[in-house]
Each structure stands twice: as C-alpha cells, then as structure tokens.
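Enquirer: Fit chain B to the known structure of chain A by using the hints.
Chains as they are written, first to last, in UniProt numbering: chain A, 1 to 87; chain B, 1 to 227.
Think of the hints as simulated: they come from the structure by calculation, not from any bench.
Positions of the beta carbon are idealized from the N, C-alpha and C atoms, including for glycine.
Each hint should be verified, as a subset may be incorrect.
To be verified - So the derived label-pair ranges between C-beta atoms look like this:
| # | chain 1 | residue 1 | chain 2 | residue 2 | range |
| --- | --- | --- | --- | --- | --- |
| 1 | A | 7 | B | 108 | 25 to 33 Å |
| 2 | A | 30 | B | 66 | 40 to 48 Å |
| 3 | A | 44 | B | 11 | 23 to 31 Å |
| 4 | B | 17 | A | 42 | 47 to 55 Å |
| 5 | B | 80 | A | 7 | 20 to 28 Å |
| 6 | A | 30 | B | 124 | 40 to 48 Å |
| 7 | B | 132 | A | 5 | 47 to 55 Å |
| 8 | B | 170 | A | 21 | 43 to 51 Å |
| 9 | A | 35 | B | 32 | 46 to 54 Å |
| 10 | B | 1 | A | 7 | 37 to 45 Å |
| 11 | B | 153 | A | 32 | 57 to 65 Å |
| 12 | A | 3 | B | 136 | 17 to 25 Å |
Unchecked claim - Part of the chain A face toward chain B, derived, beta carbon under 10 Å:
| # | residue |
| --- | --- |
| 13 | 9 |
| 14 | 13 |
| 15 | 21 |
| 16 | 45 |
| 17 | 63 |
| 18 | 70 |
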Amino acid sequence: MPRVVVDVMLKPEILDPQGQAVANALPRLGVTDVSSVRIGRRIEIEFAGQPDLDRAREIADKLLANPVIEDFSITVVDAADVQESHP
Amino acid sequence: MTARIGVVTFPGSLDDRDAARAVRIAGAEAVPLWHDDADLHGVDAVVLPGGFSYGDYLRCGAIARFAPVMETIAAGARDGLPVLGICNGFQILCEAHLLPGALTRNQHLHFRNRDQWLRVESAGTAWTNAFQAGQEVLVPVKNGEGCYVADERTLDELEATGRVVARYLHGNPNGSLRDIAGITNEAGNVVGLMPHPEHAVEALTGPSLDGLGFFTSILKHLAGAPA
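In isolation and in its complexed conformation, chain B is listed as follows:
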C-alpha cells in the first residue's frame, strides 16, 4: 500500500507544493492538508512546510501553532505520528513545544539563501534512517530567523541523547548554537530541520539529490524499518 504523507498549507506557506512533489518523487502519495481543517484524513505522516505562515506576525510559527490542524497534529505527534517540520515548520514545532528551544533572528540580521553542507548526525529518526550517521549532504538553506537557541542544559541533553539530527558544516549560516540545523524529539518521530531537503530532490533545480533521503526515510520507517 502506498504511504500517504500529509503536507499542511497555512496562510503564507510557501514550500508546500515542493514538499508534496518531494513526497511523490520518493514514492508516496502526497495528501494536501488545510490549516483550518482538524481532520488529518488518515495520513501516515505529516510535513509542515517552509514559508511565512500568518506573515510571521508576532513570532515565526506563533500563530500557526493554534491552527485547528495543529491541535490534531500535536496530539498525533505525542502518540508517535511522524512529523517533519522544515524551516517555518521547524519554527511551528518549537512554538508548539513539540521540540525544545526556539528559532530566533539570524545573528547577523541578514536573510541567508545558499546551498549548505550539513552533516546528518543521527540516522535514528523516522526522517533520517536512509542516511548513515555522519553522512554529509548538500541542501539549500534560506531563512531570516533560523538561529537555533536553547539553554545550555537543553543543548547538553540534546547532544547526550543523540537528538541533534543535523549540523551546519563549512560555515554556520545563522548563528545557531552548536551549529544545530535540525533536532528531534525523544521518540524520534518529530524532526525539525531549518534547511530545505525538498529543494534538493531533482537535478534540474537542486544542488544535489541529497534531500530525497529525508523523504525515503519516512517510507522506510512506515514500512517497518527500525527508526
């Protein structure tokens, strides 16, 4: 049976179509989900795409967190529903307290848009099991508020429990503490990633095909591979 991956569209989402395309290229069915509809329509996993939900008003992700669809996703995530938040999606997951820490204004105040090398630190999540731990991948990064912050105790705990999923290599684009580009929750089903793997799934438009691994990982996970 084909896996069904939901991709949420909020007002101001930007990369929902690209995320859905990446899901299809990976071999799954992309199911559009709408912010105002609390029904997840039986999807097996959810992607919260990049963009500027609700115009980034107040704080990035702060208003999207209260969208009807998010209440269902948050409850599902606590029960093991795999959720990948990319860029704005990562911000929403932090605002919803499904992931620790917060994403703040880039330290240098500039929007950064470039192809970025990352090291996948943990292959033990639902969204990274197609990689080898330590594998270096190239995917676009584009954010103005991607500086990951958390208190020292939280950072130490993330490191000690293998919950740093990806780290920036060859230059930190936004000042994120400990070069953190992505993290996961304790169970490994919720992953937040600042860079955009959905933009690196086709040779025509991406700097590599490395991003596809995040989407094939979820298929592997849903097919029963150990996360």
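One chain only, chain A, in its complex shape:
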C-alpha cells in the first residue's frame, strides 16, 4: 500500500536549539566540517484506500505542522517509485 510521507521542518528563520546541540556535539566525534544541523519530523500516513493527497495536505496543515513556525512537504512513497508534491 502506498504511503504518504509528510516531512515537517522548522522554518529557516526559527532557531533550532536541538539541531544546534547536535551540531555542537559533532566535533566530539571528530567531525569538524559540518556547518549546520536542523532537526525535523517525518510522519508516515497510510490511507485505507488510495492515498488522498488533498486530505493529507489538510492533515499536515491543520495538525502535523504548525504553519507559524514550520514548513512541510508531502511525498507519496510506493514500493519502488517515488513522486514528489509540495503544498
């Protein structure tokens, strides 16, 4: 069954203290060439029938993401093929 994947990321202008904490830890692994880390959230949705992208967009906009601070993108993932769609 195809899945709808919603990726939620903080808007670029919103500070991401978790990402910064991870970035600050990287030198302890010996990694010194990473300039930025930002953390988001991936949500996978399965519909009972065919994926409904309009419905998925509504779910993302109203619940999964807070449009005040976050952007989202929607992707349908099938076993092999991947199609992209943006809000």
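Expert: Just chain B now, kept in the frame of chain A:
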C-alpha cells in the same frame, strides 16, 4: 451573583486543581470543565491550565486544540468570552490561533523551574486590570517549551498595540523573543501567560500572593470594570 469561572481538564492537565483553587481564593466559583464535553455550562470565563495535555505529543497543545471543549471556547473567545491560558494553556491558545506566534523548545534545552520576576506591561486586559501597568510581580515559572517566537512584524504589532501583557525581568528563563512572558488578543479578552500565577496565591506554598491579581482582575472585569 458569584462569577463562575470554568477550568478545563484535558488528559494530562496538571494544574487544573491549583487553578480552580486560585479562582475560589479570588472569590469566584470554580466550575470544572471536561475536554470531551463541548458544553461550557454557562461559565462567565475560562482558564486553560498548565500541564502536558495529550502528553505534549506532536507539539505542545496541538492535539488539545481539537478537543470538543476547545471548539466552543474558540467560538466564545471570538465573541468576547474571557479566556486565560497558563503555560500549556498558552500553548493551546497559540495552536488554536486565538493568539499569534508559537511556543517552542527552551533555547538552552533545559526545563526551567524557578520563581520569576515579571513586569506586567498591560493592565488593559480582562485578566490584568487589577495591576498597574509596569507593576513587578513574582510568580513561579516551569516550562520546557516556553520560548515565545513570532515573526518580526507580529512582534512589532504586539508591542505597538500594547498586547505584550507581561515580560520576564532579571533574566529570561527560556529565550522568549523580546522577553515576552504573556500576550493578549486584540480585544483583550484572551490572555496567554507562560508563568503560573495560580501557584502564587497563598503564602504557604507560593513565593508571593502576586498571582492572585490575575484572578481578581477577571472578577473586576465581569463586574463591569473597563477592561
């Protein structure tokens, strides 16, 4: 007639009992409201208490916003029903778009729990009219996701229209932009506050009695004092 102030309990609410107690100490009747019951039972005002509604899953307040009781509260708030959101309640009000902006992870990533000085910036709301503008008060703050953010235009508008209700003094506990601890909507009936005035209403347990002013304000407001 005694004012009736509703206090909502969501799954995961923590400070509903303290909020109800503060309402009673201020001289009103506290009416318990339940998240799953859309009926407000004729209350004159509503408090959304602190806690971790729905386990803070997804984002703080994101799921509570869709509780049946919130639909009625949101419609009432647009018609002037006074609503005070404390901590998680403030997060719910932002998620419900009854207040602008959002509350995000504390900038330093630590949960902050301490007594906090605030300056009441606006005494023109239904929940702050018992204070003088500029009055400094001491109430507990306790949050992990209390960092208030909004875009510059929104922040400028809040400042220009006197809608910053309270600001952190002597140190910002969470990185909130412009030290904002609380804001109000355009009409002044909806107020969101990150610190906890309901924990500062009795000498035995609170750092002061300053928090009581928020609850006596609503009584004054309901009795007809200009907001």
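Enquirer: Hint by hint, say whether it matches the structure.
Expert: Each hint, compared with the structure:
no., hint, verdict
1, A:7 to B:108: 25 to 33 Å, "holds (27 Å)"
2, A:30 to B:66: 40 to 48 Å, "holds (46 Å)"
3, A:44 to B:11: 23 to 31 Å, "holds (25 Å)"
4, B:17 to A:42: 47 to 55 Å, "violated (38 Å)"
5, B:80 to A:7: 20 to 28 Å, "violated (40 Å)"
6, A:30 to B:124: 40 to 48 Å, "violated (56 Å)"
7, B:132 to A:5: 47 to 55 Å, "holds (53 Å)"
8, B:170 to A:21: 43 to 51 Å, "violated (26 Å)"
9, A:35 to B:32: 46 to 54 Å, "holds (52 Å)"
10, B:1 to A:7: 37 to 45 Å, "violated (53 Å)"
11, B:153 to A:32: 57 to 65 Å, "violated (38 Å)"
12, A:3 to B:136: 17 to 25 Å, "violated (54 Å)"
13, 9, "violated (13 Å)"
14, 13, "holds (8 Å)"
15, 21, "holds (6 Å)"
16, 45, "violated (13 Å)"
17, 63, "holds (6 Å)"
18, 70, "holds (9 Å)"
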